[in-house]
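Enquirer: One letter stands for each residue in the lines below.
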Amino acid sequence: MTQLLFILSHPPGSSIYAQEAFDAALAGSAFSNIAILFVGAGCLQLIEPKLAVEAHQRKDFQRGFRALPDYDVHDVYGCEDSFKQFGLHNQTLVIQPTLLTRVDISAHLNAAQRVLCF
Amino acid sequence: MNFALNIQGSPYTSNSLWSALNFAQACLNEGHRIHRVFFYHDAVLVANTLQAPPQDEMNLTSAWQILGQRYELDLCLCVASCLRRGILNDSEAQRFEKTTSNLATGFNISGLGQLIEASLVSDRVISFGA
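Protein chains in written order, with the working numbering: chain R, 112 to 229; chain F, 1461 to 1590.
Keep in mind the hints are simulated off the structure, nothing from the lab. Owing to the predicted nature of the structure, the values given are computational and were not obtained by experimental measurement. Note that beta-carbon positions come from the ideal geometry of N, C-alpha and C, so glycine has one too.
Chain F side only, calculated, beta carbon under 8 angstroms to chain R, not exhaustive: (1) A1540; (2) L1575; (3) G1589; (4) A1590.
Pairwise CB distance ranges (calculated): (5) F:S1551 to R:R213: 44 to 52 angstroms; (6) F:Q1554 to R:K170: 21 to 29 angstroms; (7) F:G1573 to R:R174: 21 to 29 angstroms; (8) F:A1553 to R:S125: 25 to 33 angstroms.
Can you make the complete structure from the sequences, with help from the hints?
Expert: Now the structure itself:
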């Protein structure tokens, strides 16, 4: 059962919030069973960031997404509507999350013991 | 009910700290408990004691200090967020060889584990986003 559901909604480039939110999720994984849900502009974090990282000299924190199974994090979700909105279906992604409809998302929100929004 | 607060917004470019302050006050007035207030992202900037806003403006730092003292709240800041943004207690200032520390009284610096622990032991965790 998901003890902590982390909702990540910030885009990766315009602030450090996305990077710090992922740090919080990793900290959560050390203490409990967590799930991660990318929604809205947060889904943009999943785009392979190589060019953006070089152009803006920022840290490639998204590389850590690939290591999530090593942290025993296996429930990684994305909002299907947001994927459509941002045209992510044909993009090269760092990892492929399980896409959820709005109804699925409601069910996951209800099932999680706690929800942390970032 | 026992609450944990997860505050993220910057003092002057977001309403997050002000909303959280009102929420906390309302909770405590109603007899609920607040296990911990965790300041993350730019919200840690509220604990900079060197801020000197005009006297006829809201002083969020002292408002949180007063509430914290009155109800003995655990006002906890994320250490990584603090170090990035220049909020240092005496030991961090010494460690990084800075000329001064600037952590306001009543706040304490700790790690993300405090947010996770608070989330797990409280009945509800309320996030005040950036």
